[in-house]
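Colleague: Could you put the whole structure together from the sequences, leaning on the hints where they help?
Each chain, written out:
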Amino acid sequence: MAAFALEVSGVAKRFGALTALRDVNLHVSRGEVLGLLGDNGAGKSTLVKVICGFHRLDSGQILVDGEPVSLRGVDHARSLGIDTVYQDLALVNELSVYHNMFLNREHRMGPLLNNRLMRRLAESHLHAMGVDIPDVTIEAAKLSGGQRQAIAVARSVYSDARILLLDEPLAAMGAKEATIILDLVADLKARGDVAIVIIAHNYAQALQVCDRINILQQGTITFDRPASETSVTELTDLMVAAYRTRRRDETGRA
Amino acid sequence: MSVAGTVPKPGGAALARRAWAAFVRRREASVLVVAIGLVVYFQAASPLFLTSDNLRNIAQATAPTAIVAVGIVFLLVSGEIDVSVGMVAALAPYLMHYAIDFYGVPAVPAILLALLIAAAVGLVNGLITTRLKVPSFVTTLGMFYLLYGVLLTTSRAYPVAVPEPVKGDLQTWLGAGDWASLCWCLLVVAVFHVVLTRTRWGLHTISAGGNPLGATEAGIRVSRVKVGNFMLVSVFGAFAGLMEAFRINSIDPNIGGGTRITFTAIAAAVIGGTALAGGSGTVIGALLGMFVLAMLQNGFNLIGVSANPFFLIQGIAILVSMIANQYLSRLRRTGRS
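Order-wise, the sequence lines are chains A and B.
Under the working numbering, the first residue of the first sequence is numbered 1152, with each subsequent residue one higher.
Under the working numbering, the first residue of the second sequence is numbered 901, with each subsequent residue one higher.
Keep in mind the hints are simulated off the structure, nothing from the lab.
Glycine included, C-beta positions come from ideal geometry on N, C-alpha and C.
Check before you lean on any hint, since a few could be wrong.
Which residues of chain A face chain B? A partial, calculated answer using Cβ under 8 Å [as the list claims (entries may be wrong)]:
| id | residue |
| --- | --- |
| 1 | 1237 |
| 2 | 1239 |
| 3 | 1243 |
| 4 | 1245 |
| 5 | 1250 |
| 6 | 1257 |
| 7 | 1313 |
Modeller: Put into structure tokens, the structure is as follows:
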């Protein structure tokens, strides 16, 4: 069997006394979209930040194309083709739209930035996505929430990433903008060479775009099934049941 | 700024309005207006103002501190501050003097050594701030006193003569010449304006100050950027101190007046439109801010106003320019200009 594009094996991450991830195992193949669901505080964003090199893992292993990698930082992960759309979007308000789109991946001519090329590429990428931003030279501060999210997604999608992590890419989106992102994910999936992990809150959207669903609860994966074999009702029930159990345990202990 | 909804008329009026809008969008705009206004006012008040002798006075008073202000702009934009730089300026000429007169180091290596030690001071400032998470104001405040102690102990607080080996061409080129310091200053401003606006370093400096977490998430080594800018300020401080020593032809523990260089450079940067909170600032603005401060001081002297109210004016200038900046950046943000 071919190696997974990304495999996470027995990963744990602690912040002082707080255990964010206990024993996480997941995998995703090229051309596959994995939906990662879970309550607030279940560790989804921490998991993404471990995979993208932002946090060091305490134990366990990350494998890219079957090869174990020890990520030294975001730069290193990027060089391996892992790119991330963060929940906070990582945009710099003071910079123009096109500088944000090429942040830390700037095109240069000698020592100087090649602003003309970056401006042109930014315009054509956004146009291809169907995002309506009249002027890519305006500061990111002036954009609406949905536009900011679109910029952040465009930045990663056009980075030639082979493993794409999207942390709540639809959070601030209106219906039209959400469709843009979902279509984009569908296009990438159709290309077949990108492995995608999406963190989502909206189960219906997740089922619509994902091939497989994982649920992360209290720092570990508790559910792994193809999207076609589950439903919004089942996912909701699972979440609620987990919440009820936890509440019963806690009140029982008290 | 055009009123929303007006139809742009073809021809001069629309063009002028667009030019005005583009002008207001520049952060340097307000300080440029003030600078030009001061030139006109002082020239009207005193015909001596625009004479070559007086302009040289202004240039010599402006240039070294303006170079420090360029470094301060970079550091402020990256979200940090350095209040020790004035003491680096005072110490650097002594370092050169010790190297030459006590250790027999030739002139040029001695100057480079002084700059190198200044860079090391910046490195220490940067590492304490980024690694040990001490706020940079506190780090550099400590460094200020530490360097002050080193300076007074090693020099016994006595001024000394500029060492013989640096006299002659070297001293002329590095500050004693009439326009030497201004030439250096304009060169530094031109180069570092390009660095801030057109290079990766500039872009990453803005990112580090504007959104440190986001910059880190994008893979930018924010600490490295900040440390680099701490080193830049310190080296500029040492350079400014050396230029002052060459100009006054004496090495004096009071070069930079303790905190004067530091505070004047920060004032110039702030008046020029650099935000203390990080993320935005301009090198050209800092130069203009420095000119405004120097012109105020010089102009009041010429028209016979005592030096004492000068600080009053400087204080008001800082406050007014900060208020104007807040107002202008709000205008920019709402997209009206």
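Colleague: Now tell me, hint by hint, if it's right for this structure.
Modeller: For each hint, the structure was consulted:
Restraint check, residue 1237 of chain A versus chain B: the minimum CB separation of about 5 Å is within 8 Å; hint holds. For residue 1239 of chain A, the interface hint holds, the least distance from its beta-carbon to any beta-carbon of chain B being 7 Å, beneath 8 Å. Among the interface hints, the one on residue 1243 of chain A holds; its C-beta lies about 4 Å from the nearest C-beta in chain B, closer than the 8 Å criterion. At a threshold of 8 Å, the smallest CB-CB gap from residue 1245 of chain A to chain B is about 4 Å, leaving the interface hint in force.
Evaluation of the residue 1250 of chain A hint against chain B yields a held restraint, the C-beta minimum of about 6 Å falling below 8 Å. For residue 1257 of chain A, the suggested interface contact is upheld, since its CB lies about 5 Å from the closest CB of chain B, less than 8 Å. Of the supplied interface hints, the one on residue 1313 of chain A is violated, with its beta-carbon coming no nearer than about 16 Å to a beta-carbon of chain B, more than 8 Å.
In the structure shown, a violation is registered for the earlier hint numbered 7 alone.
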